[in-house]
Amino acid sequence: MEPQTGVPSLPMPCASILVVEDEASIRDTLKLALELEGYTVFTASNGEEGLEALRRLPRPCLVLLDLMMPVMNGWEFVEALEADTVLAPIPVALVTAYGERGQGLHTKAIIKKPIDLELLLKVVKEFCG
Amino acid sequence: MTWRRGGAWFGVALGAWALVRLGFQFSSSSALQPAFWPLAGFVQALVLAWGAWLWPGIALGTCLGMLAQGAPVGLALAVSAINTAGPLAGSFLLQRSGSGFDRRLRGVSDLLRYGAVCVLGVSSGSAVLGGLAFQWLGVGPPRPLLDSMLYGFVGYSLGHLIKGTFLLHCFAGGEPWRLPRSRWGEAWALALLSWLFVVVVFWNEFEPTLHQTPQAYGVFPLLTWVALRLGPAWTSALGLAFSLAVVVASAQGSGPFLVYSDGARLMFVQLYLGVFYGHGLLLAVGHSERARVLAQEAQSKREAESALQLRNDFISIAAHELKTPLTPFKLQVQVLKRALERQGGALPDGSRLLQALAVSEAQVNRLARLVDEMLDVSRITEGKLRLNPEPMDLSLLVREVRERFQQDITQAGSSVHLDLDLECPGVWDRLRLEQVVVNLLSNAIKYGRGHPILVTLNARNGKAVLVVKDQGIGIKPLDQDRLFQRFERASPSAKFGGLGLGLYITRQIVEAHGGTICVDSQEGVGSTFAVELPQVASQLDAEPRSA
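Residue numbers (our numbering), protein chains in the order written: chain A, 179 to 307; chain B, 81 to 627.
It is worth saying that the hints were derived from the structure and are not from the lab.
One or more of the hints may lead you astray.
[Said to hold, decoys possible] Using C-beta positions, here's what the derived DEER-type ranges look like:
#1 D561(B) - A202(A): 25 to 35 Å
#2 Q376(B) - P269(A): 49 to 59 Å
#3 L390(B) - R237(A): 42 to 52 Å
#4 R237(A) - S380(B): 52 to 62 Å
[Unchecked claim] Below, a list of computed lysine-lysine pairs in the BS3-like style, where the Cα atoms sit at most 30 Å apart:
#5 K290(A) - K303(A)
#6 K286(A) - K403(B)
#7 K290(A) - K549(B)
#8 K286(A) - K303(A)
#9 K300(A) - K410(B)
#10 K403(B) - K303(A)
Just so you know, even glycine gets a beta-carbon here, dropped at the ideal spot from N, CA and C.
The following block holds chain B by itself, in its conformation from the complex (with noise of 0.2 Å):
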């Protein structure tokens, strides 16, 4: 046993004992049965929000508690065990009632099992057995047993729906508490009316009738108010203490209920209290339900109008990339018809016609390429990309892209210096590294301003690092986060084109392989590439990474 465990135990055979006594303390005569028994919620409350564990703190600190109103000590010990079995048998229906119920009772569904298996059932069981309890030892006011399990219900539905409720919202976790500033003036200024109600209706000197009664009803546009502005947390607090403040006040002999007989009168107040905390907390709980499906619900239209928004924008950039290489194919197609037109069907000489076709040739396979890069897109999202590992040299394939690349390099007026170990070798699918390889060189060119471009490579302790350095334009900072995200782009579109495709595919086919990539880019200074990858491929599949 630790200390821990030991003081909780400690604290709540206290806190069980204080409760028994002050029960007693409305008792309208030395009966051994008090009509108010504010233990019922509070055992149940810990036993939903803490666990079954503390049931030893709560059958000790019951049992001294009736002791130490003189019950004999067989009624002490069933009463105790009727409060300790009564939490631990609510605690157990609740989690088996259905999926997912919520002990900070944020729903209706949450909070109408609570009252059908707390307030009712337990409270039906404790006082069946209750009132037996009392029969069966000869103690006890002096009523019929149906009586007695009546006075025994609504004490014990009422503890678990008043103090029971209030405590859950303080104990479950959660912020029910929280009020928005703007709220907190309308807060005191309602605290404040059902202070004012109290001392008006319950707390006067009036000779009491029963055309007084319904007045006590005139609490409800306040709770109403309550429950709606204020949600469920701080109803059960208005309830709780309102509800104390009715109890002290109609067992001090004042208020509309005074009508009633000295006996049942606390009944009729606990009935009236069941009332108004039941109608507030369930419209607190349904409206504030209703407020957060309604925010879930735009949430989730917002989430899907921007992932619409996002799919409309790639489909339009994907429309201009597509565009690009068609553009002067379709261009040469029509020259070479004109020319063809023009000299009767001959051909155009020799090295016009071979220009012609290289273009075109040229313009359809980049072509393709964008086509194969949206396959390799809607591949990785199902799970489908496989990797063909072989041995290879990573070392010669930058080589050859490099080379491949030559034109465009010289077209954007930069440099490529190559440090590369001489040899790097490793088990890897080829094409898809080659993919990764040109994808990051491409964007140094494409981003690099014409400066000079880095290629670094080396192997070390099972792994090659690729290092691909531009002195370009650089990216921000928020923009890196999302960067090998699908569909992203952290360049304007309004000065460079792309699908928003290629460090997505890069990163999956990098992951594949058991690799890393990461970027260190400063805005108007350049960006680092950094690709880590085993000198053996961990991985031969591609699960889609998150994006």
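Just chain A, same shape as in the assembly (with noise of 0.2 Å):
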């Protein structure tokens, strides 16, 4: 999970996005349409494997996480978030196929999927400038 410079068409600040999602062509899409804004962007395929990105990278100004996930789903995930002190005040945004079932969890904001892209912008703006 390395950071790749992406190719931004316009000049923006280089704030980082972590992306917890199992599903490889939404994962890589995602990053491409936010490496394009020029975010730079960090991935990871469960909930398990986002916490250890969160715990080694340099802190990331919004989460964007789905749910159903092998391994560790988003559940289980903000759980874990929420109680490391440390990394409990990252912003969490889930990214669902499921709007209702997120509405428990203590995120800053649900985005449904199939996911419009000006929305997912518009919130990623709001965290990460």
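Now that you have both chains on their own, put them together as the hints suggest.
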């Protein structure tokens, strides 16, 4: 999970975002879409990898989190995050097909799949500038 | 003639002989037409429960019983013929009285049919023939023919009503006597109360008057309690015991029915018992039938709710699964659109465009596969899944599918080892078998936890055996039974996606080819799926198998 330079078409601040999503096609497309907007994107394929990434890499301005994942799902990830005093302040936005199932979680936003790019960028800009 | 049949005839003959003698014990004179005829219900119940083949035993026992009472041979033969033909006719008429006569008398309609055919019909016929026989042979008590017939009718009908229904509960199968433990105390209390009632009302020393006759009907609350709480079988048992006690008491000169003359006493006792017993049994059967109907309705409602929940769960999962390929597809389109807008309509560089289109195409294909899966289920359910068998090599197919999944295998951190016959020829539907191989391999990759997967394929004795073995999360024993059912998933839905249709469709395809599929799995260790296919498909059409 190494940061890669994106290809921004406009000068933007280089804030980092962590995408936690098990579906490779969604993960790669989100990474591409955000890098094109000038963001640095890290990825993880399940909640456990996501927590490891948060502990090892520079703190991201936002975590985009899927709910249904193997090994550690989205609910378990949020629970572990909230239990860690260092990681708890990191804002999390859900990206899920099950919008209603995420409503009990303490996350900053819920973005429903299939993702509306404008809405996604609006949420990202709110936390990452 | 087998020993068993002979033994049954002997037993029935002995019973009939004894009951004929018992009936005459309660006769108030030496007349050969007793008021109390316990044989009637006994033989009817036997014929209904075990069949008409018992008739030799019935005829012999009745004839010998009558002869033992001093009846002339002609009368003995006539009574024997009437008491043999009557039950046979009753059984015949009941079988033809409409669909589904339940000889256990579980429903009100069964009880009413039995009442109409046996209690009224057979009893009337037997009473008329019996009266005519007495008249013609010049024997029997000195009474008018109609009185004689009425006398006979009361005896026959009460025999059918009381003993017949009780014996049907004993002989006709099922578990009518089963009582929950919580009701045993209640049953004993009711039995004791009934006995006390008989002792107080029927075995007393009081001078009987007409005013005391209604006291006999004081047993009805007890009877109602038994009918509602203990069921039809125990109601019939109480009724029989109560009836015997009342008949014995009255015959021995005790109880409120003493106000009636000697000849009429047993008639009125039997009429009273008929009302008592008929009321109790009808109430018990009606209540029991209603309880069964309510239980069946509750069960149907639970099954419908469960099916509805299953459908709702499936729709929810299907929506998620369909949104999964739509998401990258839509994102790619939006990213391209945004890039075009920024560059004033100029196309982005070729490699970027190709990559975006490749991703989009892959997601559209995935979407199409999901839709096909759902349509397959619909076709299978309607019996419209048709196979197109052709000569093909299954080893080649397995290799091709493995190649296609190389990227998924690498991403999962897994490896797939093939141990295949060089060639595995057969006549199968290529597209459908590809579905089977794809489904089994993709499951092994998905649930395999990144451990190696082994795929073996061998042909022996005209059968091709394909085995896919992983070292993944495994399947619980309870889930293995329902794994191949529609919409069932053995993996937790919060961790793994999937419609729950893959293995159902796989099984349908395999069985449509005349093959079998089974699983051997241990939770936390891994799963082995084995498919056995005849090398020439024995069935060409897929009839929906039970899910």
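Verification of the hints:
1. Roughly 33 Å separates the CB atoms of D561(B) and A202(A), a value that falls within the hinted 25 to 35 Å.
2. The hint said 49 to 59 Å for the Cβ distance between Q376(B) and P269(A), and at roughly 55 Å that hint holds.
3. For L390(B) paired with R237(A), a C-beta distance near 44 Å keeps the hint of 42 to 52 Å intact.
4. Taken as a hint, the range 52 to 62 Å holds for the pair R237(A) and S380(B), whose Cβ atoms sit roughly 58 Å apart.
5. For the hint linking K290(A) to K303(A), the alpha-carbon distance of about 17 Å falls within 30 Å, and the restraint holds.
6. Taking the CA atoms of K286(A) and K403(B), the gap is near 22 Å; set against the 30 Å cutoff, the hint holds.
7. The suggested pairing of K290(A) with K549(B) is violated, with an alpha-carbon distance near 37 Å, which exceeds 30 Å.
8. For a cut-off of 30 Å, the pair hint linking K286(A) to K303(A) stands: about 13 Å separates their Cα positions.
9. As the CA atoms of K300(A) and K410(B) are separated by approximately 17 Å, the hinted pair is consistent with the 30 Å bound.
10. Between K403(B) and K303(A) the CA atoms are separated by roughly 25 Å; this keeps the pair inside 30 Å, and the hint holds.
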